[in-house]
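Fit chain B to the given chain A structure using the hints.
Spelled out, the chains give:
Number of protein chains: 2
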Amino acid sequence: MTVAIVGLGLIGGSLAKAFSERTAYQVIGFDRNPEVTQAALTSGAIQKVGEPADLSQADLIYLCVYPHAAVQFVKEQHPFFKKEVVVTDTSGIKTEICEELSSLARTHGFVFAGSHPMAGKEQSGFWASEAGLFDGASYLLVPCGAPEGALALLSETALQLGFGGVKRTTPEEHDRMIAFTSQLPHALACAYVLSPQCPRHKGFSAGSYRDVSRVARINEELWSELFLENREPLTAEMDELIRHLEGIRAAIQNNDRDALRDILRCGRQIKEALDE
Amino acid sequence: MTVAIVGLGLIGGSLAKAFSERTAYQVIGFDRNPEVTQAALTSGAIQKVGEPADLSQADLIYLCVYPHAAVQFVKEQHPFFKKEVVVTDTSGIKTEICEELSSLARTHGFVFAGSHPMAGKEQSGFWASEAGLFDGASYLLVPCGAPEGALALLSETALQLGFGGVKRTTPEEHDRMIAFTSQLPHALACAYVLSPQCPRHKGFSAGSYRDVSRVARINEELWSELFLENREPLTAEMDELIRHLEGIRAAIQNNDRDALRDILRCGRQIKEALDE
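Protein sequence lines correspond, in order, to chains A and B.
Per my numbering, the very first residue in the first sequence carries number 1; after that it's consecutive.
Per my numbering, the very first residue in the second sequence carries number 1; after that it's consecutive.
For the record, the hints were derived by calculation from the structure and aren't laboratory data.
Treat the hints with care, since some could be wrong.
Over the 10 Å line for every Cβ pair with chain A, so calculated as not near, a few chain B residues [claimed, not checked]:
no., residue
1, 22
2, 37
3, 52
4, 54
5, 77
6, 78
7, 81
8, 83
9, 128
10, 131
11, 180
12, 189
13, 219
14, 221
15, 234
Simulated crosslink set (DSSO-like; lysine-lysine; CA at most 30 Å straight-line) [unchecked claim]:
no., chain 1, residue 1, chain 2, residue 2
16, A, 121, B, 75
17, B, 121, A, 202
18, B, 167, A, 202
Covered stretches of chain A, going by a simulated chain B footprint (3 or more residues, C-beta under 8 Å) [what the hints assert, rightly or not]:
no., stretch
19, 51-61
20, 66-80
21, 229-236
These numbers come from a predicted model, not from an experiment.
Heads up, the beta-carbon is just placed ideally off N, CA and C, and yes, glycines get one too.
Excised from the complex, chain A in its bound form (with noise of 0.2 Å):
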């Protein structure tokens, strides 16, 4: 079985690297920028540097590119997909995606279903990619009117591929959910280290800190075309969250104690609930 992958940054390289590693696909890797095919190969992360025509061989197709750049690669080179190959994505948003490449799956014989693996971490790029990224990590699995074969095909991999399991959702509940657990905290470290008081934290931060900023180390190209794709569930819990941190502001300001405290408790039962 040969697996093709299409954009060999983080994602795309930590895969090329994991389906060596781990499975028995040949990997032919496809990437705009020579150096990275180059060390890819030269790495063992992908067994074949792609040619277009290459495209024929493979059993499976990961898109690992920006989302627009995924649905402009199989505008132009489906011609050369072997029939009933099965192509998925890894795009962090779903909804106008997955209708993009589903229409051009019907349209032109191929199978299409969406992933979107739930691992990353603050540097980009092939240099930073590894085989183990998604150890545990979650699989998010869109099947978008797959066949149960091509489904199950993407799931056993994943869980080869090293995720501790495979979820399956709609686009739509995808980009609600994506919104609240990824988007937002993304958004949510730009605005917090905007702060005046942040340049001089050191020595005065410990955990939450680190936590809350972490992610803002981000790619705003990619995620400025995530954030526009995911617009109206993103400014939902946008609007959400600053209508909470608006209510505590509230209690603070009218020294109102029991208020305060009834916030803080909520947000406590609620975690701990879902800790346990």
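Chain B only, in chain A's frame:
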């Protein structure tokens, strides 16, 4: 030398264990809960359960109770203090507390300086305490006019206890910085988990959810007191954060990719510069 530790919760219990394991001090422990003092004695965290008269043996007194309770303890028990004893607190806010305790020190002939050990965890109480809690953490020292000898004693002791360094600050600077580095992330964690999406996060979440929500396991009694004692700096930080969140929200709402990328880039650059 003898140290009296007043309050054997997470911080006082951890200090007691660190003093007993890592210094030559005899440790006398005070707690209103006799089960706690008994457990502390049995475990070797303290060498003696304190009675008020025992305070006269102490060369150093650590107040590890809630801020107002610390002031109250000194008001009631100072007649037992040895002349020139060095008293310090461990409270998370300083302006009001340091003023009250400094004034009591001047009136009654003991020495006071404020301390804030920058460490903690999501559990509270003696049962969660550990000698290594402060390993590598910052020790904030608020001189409050105490003589250099007392400040040197507190600093050297902090390093013996495992702290990574001592930073001297004023009550006002302390409270302004802590509003940003510690109080805001705690308020934020509670506001964050109040989202209706939160209870369904499993499978959809990874490190960024975990990091932002971690300190939602808050002791709401203690933190309500800390927030209300630091009203102005904390509401100012909350306003700053809300303003930046609204800036990001507006860029998303207006589909303004350039503005959004500029804000995210600014956050990334601040964070990268600080992490170097």
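Broken hints, by number: 11, 12, 13, 14, 15, 16, 19, 20
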